[in-house]
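*Asks:* As you go down the protein sequences, you meet chains L and D in turn. Residue 1 is where the first sequence starts when you use our numbering, and the numbers rise one by one after that. Residue 1 is where the second sequence starts when you use our numbering, and the numbers rise one by one after that.
Calculated from the structure, these hints are not laboratory results. Hints are not guaranteed to be accurate.
Have a look at the derived ranges for each label pair, beta carbon to beta carbon [to be verified]: (1) L:N19 with D:S36: 34 to 40 Å; (2) L:T16 with D:Q221: 41 to 47 Å; (3) D:L280 with L:F79: 48 to 54 Å; (4) L:S67 with D:V189: 55 to 61 Å; (5) D:V175 with L:W185: 55 to 61 Å; (6) D:Q221 with L:R119: 37 to 43 Å; (7) L:F79 with D:T275: 57 to 63 Å; (8) L:D137 with D:T56: 21 to 27 Å; (9) L:G228 with D:Y55: 38 to 44 Å; (10) D:K53 with L:D137: 23 to 29 Å.
Covered stretches of chain L (chain D as the covering partner; in silico rule of three or more C-beta atoms under 8 Å from a C-beta of chain D) [to be verified]: (11) 96-105; (12) 114-126; (13) 268-281.
These numbers were taken from a predicted model, which means no experiment stands behind them. Backbone N, C-alpha and C fix where the C-beta goes; we use that ideal spot for every residue, glycine too.
The primary structure of each chain is shown beneath.
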Amino acid sequence: MSATQAETTMSSIIVTVENLSKAFGKLKAVDNISFEVKMGEIFGFVGPNGAGKTTTINMLTTLMKPSSGNAVVCGYDIFKDPNEVRRNVGVVPQEYTADEDMTGINNVLLCADLYGIPRSDSKPHAQELLKLVELQDAAKRKVSTYSGGMRRRLELACGLINYPKLLFLDEPTLGLDVQTRTVVWKYIKMLKDEYRMTLFLTTHYLEEADSLCDRIAIIDHGHIIRIGSPEELKESIGGDVIVVTLKETEPDISSDIANIKLVKNVQKNDNNYRIKVELGEEASPQITDLIRSKGLHVTKVSLTKPTLDEAYLEFTGRSLREEEADRMQMFRQRVTVRRARS
Amino acid sequence: MEKTKPITSKETAKEEQPKEVSAEKQRVVRAAPKLSRSPLHGLWALTNRDLRKWYTNPIQLLTSLIQPVVWLALFGKALNFGTFISGSGATLIQQNAILQGFFGTTSYFSFLACGMLAFVVLFTSAFSGMSVVFDRRFGFLNKALSTPVARGAIVMGKVLQSVGRSLIQSAIVLVIAIILGMETSHFTVVGIAGTFVIIFLMATGLSALFTMLALRSSDWQTQVALINLINLPLLFASNALFPVKIMPTWLQDIVKVNPVSYANDAVRQMLIGATGMSSLWLDFAVLIGFAFVLSAIGIVLSWRLLSK
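Just chain D, with the same shape it has in the complex (with noise of 0.2 Å):
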């Protein structure tokens, strides 16, 4: 290697005697170790470093959960259709029947709760797009996309990250509920565990569709008016806050494709024993069908659309 040296160099004459090159020296130009070649190296890299950022900031985690319990506590706790309904007459056992035919549970508070885990999915998944965006800013995208790494596990990444904040969120505000009174009697532990499973598939499905729309963006604002444009519609034409049965015909219709019914759904089956808009099993594979497609799709469009 030695013998390859250019002929032009200013310094040809000091390279002549090549210096004693130290074994600590030689370490940066020798042979480099095996790489791995797996595709899913660097994924716990990348998902780790976002999530560090999160769990090592306290107070990014606490103004993220303000907005779900200001829902439930507030919202939640003012829209009493209970002593709406006693108010005008109604016994208490035709108070619980109404409740329970709108509602599939006698308990407005406790259906909002389990429709505010999937508020706080939606709103921890759209932010997934943002931290593109922010990568794609400052550099770190390039560097990333300079490595070897699969373009794939750049966006998985950011999908994971997404998921874990997900879960980690869902689970603090769904013990924020129980203390506020949400019903608990119907808990089981695969009910739980199931909700979890939900959650996870939810995330992964909107993680992949916020980080997909960011892969080509530059501009944080657009992210912001698209979360916006998505996550609203996707809130209000759900049965997150109000069940399906109380709206319109037309509306119906999009809240049945709309996926966060159908986390909301198996959640209230398996948190608070609601009856179903539809089976459980037609909610997992929705969601199953969800997660997947978005994430193939995600992986798809980054071998096409991030490097330019």
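For reference, chain L alone in the conformation it holds in the complex (with noise of 0.2 Å):
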């Protein structure tokens, strides 16, 4: 029915937004934002606290009315169609939703319920999904009794109960330690690669992008800086940094090494050469060849690879920092970090 029939109409883009805008009072959350998503992708958006991440999530699942923009999410329009938008997603949302006093199972059965969907078909498939995540085991305890990466599978099975083609994750693995984050990040892979659906994350874990990610778009202060892949986006702040330092300060060999053909750039700080270079690994050893043979010493040498952070730092001018949210949102991120960490 309706699935077959978005389908045919969207060709290979799920999500198309255009001049997307929120605004509430004088902040612009999201300020004219516009991006396509590309159906089986893995999209991430990246950004400091406050950036507009959750904003354009909300918007795109209906909670939220932009302020100007439109939306086509899953072949419907967002402002047309809003519960057709909202049959077609799933969304698993920042905050832990559970209730607390119910049982794993009655939680995805709630949401099944909510969906509308029959009973006959929920029952087994709230099984299933259950064993998905893996906590048949614990399907019949009380959420309350759950460990924070417990309940964050959970949140996940919720979100998958509409049989989703699209879904939403914002920031899925806030406050989960280390391990917990990587089991997170296998169903979203294995989402992805065995059935074949479309994920929407933001994140502000910027090596998450980097090993989830298919493309990321960079936002701050509601504005997409940059879209690409995370290589795209590395390579784009130019290549390799080697630091050498060497014993002596004198003489200033900056010239010298800059007419190596790898190098791009070179700046001298003391003793040290922080270098910007094109292959790393090939540019090193002709760089200590060179110095070797002024006479100096080398007692140091080290090759960085850009990481995403550089190349947030190169876009955004800063680092991604904790920006102060609304009360609202920061209740609810302790809420969250806390009962992750129960």
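If you follow the hints, you should be able to join the two separate chains into one complex; please do so.
*Replies:* Take a look at the structure:
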């Protein structure tokens, strides 16, 4: 029915966002953003708290009305067909929204009821989903006894109950420890690889975006600053960085180093040379050879591959910082982090 | 669908030979079952979610009964108008005539017991708004809003759970009142059934009122303040504790526009055969209007206020 009809009309683009804006009073939380999400990819929204990530997700999942602009999600207009959008997407919110007084399975069934899924389907499906996220043994326990990782997995199961083609995950690993985080990453990759699902996630962990996402949009102060694959973003800030420390501070051989073919840029700082190069592995022996040929002594060499953090720093002019969010948002984040660690 | 994979993927190589997707796994991406499009779907699920918290937690049920029972047992028994009048030298006949004249019945305790039913409904309904605030604070409201469940069903779920609680709690309070000496000689099946219809209507109207006041709120302190701001005037400016006749005229005017008064009036006429403030039909008409109008406003507001 609606699913097949939507699939044929939207080809390989599952989300189209055009000039979307959301203002809260004077504050423009999201300012005229446009982008597309391709079917089957993991698309990441990366930015600090208060950058507009959650606001964007809230608009795309019809929880908030945009101030201007429009978006088409799964083939449906978010203004004209909000209920169709809701039927077709799954949402895993930032908070732990499961009812603590209910069992895991009852929480999933409650979600199914809210989608209007008949019990004849939701009962076996809820069991399958709990098995998928490895909660089948805890299914009949109250959620208040769950650990942070279990709660996150339960949210995932709830988000999948309506057979979504597109799953929104808002900060899926907020407050989780490193081990649990990798478990959540495993599920996200599995949904993409094995279930051919499209995933739209937000995060303020750059390493998470780097290891999970096919494409990333860096968002700050409500603007999209760059969109691309993690590799593209890293490459676009220009190659590797070699830092060479010499025994001697004099003479200055910057210009000699700059003459090496692979070297793009040299900065001298006391006895340190910070050298931007194209192929770090090949350039570094050439540089050390040159230094030795001048009769100088190398005491230390380091080679740094560009990280997404550096790309982020380059694009936004600062590192990913915690920025003050509004009171409600902070409260929710604290609750999430507290429960994640319980 | 397999052909629409992105090209930028790091795992392109892996995806070129798509894995065998088992039948069980395919279920997740398979076309979803036919979803219910009835505007009522999810209503019972939401109602039951809240009711379950209450019926699986007997302590909550017991604590919610303490207040009305204390009022009945201490206030109701202490304020013995009979002794008050006979103590001033009146005969029993005179005493009953005076009580009948003021309260419409010769037993103040029975008069108050009926008022206590309204009290239970008022305070139970008041907390329906609180539950909206907590759902918003802990994100459940957002989760519900991200599903296609009707916005009005979210509001009506809150209203219905509070109506359910009101009905059961007032039934318990009624039984306790009978044990404590409420007059039962006028009880009829129709009267008792009618009483619960009245309680249903009053609880619907009041819960809709408190739920709609909480639709935008994420602050429970404001809710507590609102509850006191609304509930105490509604209680004291009604005939729940004292008959309207003994009040100053300005207060009588307020009492007569207060729907709680009509509920008390109807319950007293049906349960203890008291002479009423207005006709039973008018009582019912006022409460049906009250419940209907406030529910309608609640549903309309839910369309506007639940999404930001």
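*Asks:* May I ask which of the numbered hints given earlier this structure violates, with the numbers listed in increasing order?
*Replies:* Hints 9, 13 not satisfied by this model.
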